[in-house]
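**Q** For the protein sequence lines, the chains are A and B, in the order given.
This note's numbering puts the first residue of the first sequence at 1, with every later residue one more than the last.
This note's numbering puts the first residue of the second sequence at 1, with every later residue one more than the last.
The hints are simulated quantities; they were obtained by calculation from the structure and are not laboratory data.
Quick reminder that beta carbons are idealized off the backbone N, C-alpha and C, glycines included.
A portion of the hints provided could be inaccurate.
What the hints assert, rightly or not - Estimated spans, in silico, between C-beta atoms of each pair:
#1 B:P351 <-> A:K146: 21 to 27 angstroms
#2 B:G91 <-> A:L30: 30 to 36 angstroms
#3 A:A102 <-> B:D77: 40 to 46 angstroms
#4 B:G333 <-> A:V24: 29 to 35 angstroms
#5 A:N120 <-> B:D77: 19 to 25 angstroms
#6 B:V80 <-> A:E134: 27 to 33 angstroms
#7 B:Y169 <-> A:R91: 44 to 50 angstroms
#8 B:A33 <-> A:R122: 15 to 21 angstroms
#9 B:V80 <-> A:A41: 41 to 47 angstroms
#10 A:N120 <-> B:A141: 53 to 59 angstroms
#11 B:P317 <-> A:E134: 49 to 55 angstroms
#12 B:R347 <-> A:H167: 52 to 58 angstroms
#13 A:L30 <-> B:E285: 46 to 52 angstroms
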Amino acid sequence: MGASGKPPVDGSAGAPLLEVSGLVKHFPVLQGFLLKRQVGAVRAVDGVDFAVREGEALGLVGESGCGKSTTGRLVTRLLEPTAGRIAYRGRDITHATRKQLAPVRSEIQMIFQDPYASLNPRQTVGAIVSGPMEINGIDPPGGREKRVRELLETVGLNPEHYNRFPHEFSGGQRQRVGIARALGLSPKLIVADEPVSALDVSIQAQVVNLLRELRRERGIAFLFIAHDLAVVRHFSQRVAVMYLGRIVETGDRDALYRRPRHPYTHALLSAAPEPDPDAQGRERIRLAGDVPSPVDPPSGCRFRTRCWKARDKCAAEEPPLTRVEGNAEGHLTACHFPEEPTVVRDRTVVLDPALAALEEGTPQEEET
Amino acid sequence: MTTATEDRPTGPPEGTPGTEPFLSVRDLRVRFATEDGLVKAVDGLSFDLPRGRTLGIVGESGSGKSVTNLAVLGLHDPRVTTVTGDILLDGRELTHAPRRALERLRGNTMSMIFQDSLTALSPYYTVGRQIAEPYRKHTGASRARARRRAVEMLGRVGIPRPERRVDDYPHHFSGGMRQRAMIALALVCDPELLIADEPTTALDVTVQAQILDLLADLQRERGTAIVFVTHDLGVVAGVCDEVLVMYAGRCVERGTVRDILKSPRHPYTWGLLGSLPRMTDDADEPLRPIPGTPPSLLTPPPGCPFHPRCPYRDQVPDDRCRVERPPLAPEGGGRASACHLPDERVRELTPGAVR
Ligand SMILES: Nc1ncnc2c1ncn2[C@@H]1O[C@H](COP(=O)(O)OP(=O)(O)OP(=O)(O)O)[C@@H](O)[C@H]1O
Ligand SMILES: Nc1ncnc2c1ncn2[C@@H]1O[C@H](COP(=O)(O)OP(=O)(O)OP(=O)(O)O)[C@@H](O)[C@H]1O
Ligand code: SF4
Ligand code: SF4
Ligand SMILES: [Mg+2]
Ligand SMILES: [Mg+2]
């Protein structure tokens, strides 16, 4: 897989394809035996703004349960938003009906997190992958079966798997079936929910390269949900970090990985495991305490119950997502007391050698 | 202060991990009868695991890691599956043990964290009930005590407000929370053997770190033997003592975690390490996967199963890679690799092959 062409570096090349503002999704919490009544709400997504430009990959990372999949499902309109606006190519699709959605339906595809639940166990792989083509009346040259076999090969499956059923596949193989299915309709935007988490590293590398190639050559834009920070770094031009239903930091790849400002981003980067038995003694930021409940999130800054810098102001005022002083353009941080991007190595809380090494031109002796 | 900066525990846990194998697998073979023919999913696998130790199993997707674990637990459907070889748990033969005996062992002596948490949890019962039931069954605890135990376990795996979420159904949980519920379920009866099949794949790094700590604590306290299947070599580096590398249903390399990550010998292991994305790479360069596609298990390649994808096969004279299956050598359970390349050649090639 070659490195043909350059990606649109920071999105300046592409027009906004997807624009999301103030997006909210609350799931009701019901109680009672016969008469269920609502006693609260899971605030899964609670006011999220972002844009994905044509041919661009936006990485979405964050704690388990912070609302990443829900965001993806809202964007693909598998869930009905509680509030906010979703626009695709400038068109408001927030509450579009099935019929109104039909023209863009095939342009927005989703690859699901759970390869077990998302494949119909009674269909053969051939039927699963050709399904969306059939529904949308697409007849590729050479026929659907030929196209399906090509797609299977593209995603690293053996075309001999055409007539097999999902239960005969390993976890990673099933995930590739899901990717082949999403590619069948030549989409413009793919919401990829942990598309490589279930794959072994070699196939993960193949799939990441494949998705990169699709992005560069066919200009497919991605909302790329993942928790492996190294994978996100290799795939996304921009990254958004979510915590408890909110975006706490966003910026282009280098800003986020080299000059993170939000304490939570620092914690994430330092917790990323390294495949080196000698690096295991290194110090990390360990987030202690429970992940707060999305039913009843902390006041002010949602990260404050686990933040080592929290002060009174953090409980009283919610920090806005803005370009704090010292941030590059487009790098936004929601924190009252952001970490200094240049003093990372002096602070005892961040001793991640990988992070330190990312700081260009840093003399070795400055590292702790 | 709610945040602690601390060191990762390194190496084997405190206490005296046994050296006698607690789990011993010999020449395990698992075959599936399918419409297209016989799938040789596991083809002659042997390993030992003492108490208090963690064995990592890594390898290609579809290489037989989960199938191996299901065989140990006796969970294969006997109508389509043939399992041969020996599986000894604490000296007890499991391969031909009656269904009932296995059922009694599962969840009590041995338990498993499944790769697919959604299908492992029933959609029809609350999460709490699914955790409390096996506890009741194995300990005879009262309903109320079992429920308290479920709440406690959910709390231990980091589910916020466990007393509230205990009555939720699995579909109310996020992917990562379901995974944590699965872990709570696997640990509720304090198993002696824990088989963890990608237990943290669905979790973000901070929760992952928390779960790995929990497993390490459990192991230290109770001397649990752990089989840990994962694709994440970073996790392997952190938790495993020994590592088994699988390819096409066979072990191709075996050694301590340091052996495998620092001085791997098998070309497949080289490829595996080489394809890792690293935080310090040039992110605009494509990653470097192993070329080619996984082998068919219906008609496995002759000779070395890795030969169609191996860049070094021409360095072995007489076309041996294509005709002769390399044995896992040396024999005897320690460091070993299944490759025809001579040792000195391996030493010369390693630095370049692994970066
Ligand atoms: N019930 C079955 N019938 C037929 N083939 C099966 C069955 N279960 C598994 N297989 C095959 O056996 C092989 C090994 O599968 P297994 O699930 O053990 O892979 P794995 O190593 O766990 O992979 P992954 O890392 O993707 O989970 C695969 O090729 C799979 O297709
Ligand atoms: N149908 C639902 N009903 C009630 N609560 C829900 C529902 N779906 C999701 N939630 C809750 O919304 C929150 C966000 O879930 P979501 O699946 O979006 O998380 P995520 O960021 O994708 O997590 P993960 O990394 O674990 O997949 C969680 O607290 C989850 O329990
Ligand atoms: S606003 Fe306060 S609590 Fe929140 S991340 Fe910043 S310092 Fe921490
Ligand atoms: S035996 Fe030959 S084909 Fe197999 S891994 Fe070694 S060099 Fe490669
Ligand atoms: Mg999710
Ligand atoms: Mg598996």
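**Q** Broken hints, numbered, in rising order?
**A** The structure breaks hints 1, 2, 4, 7, 10, 12; every other hint is satisfied.
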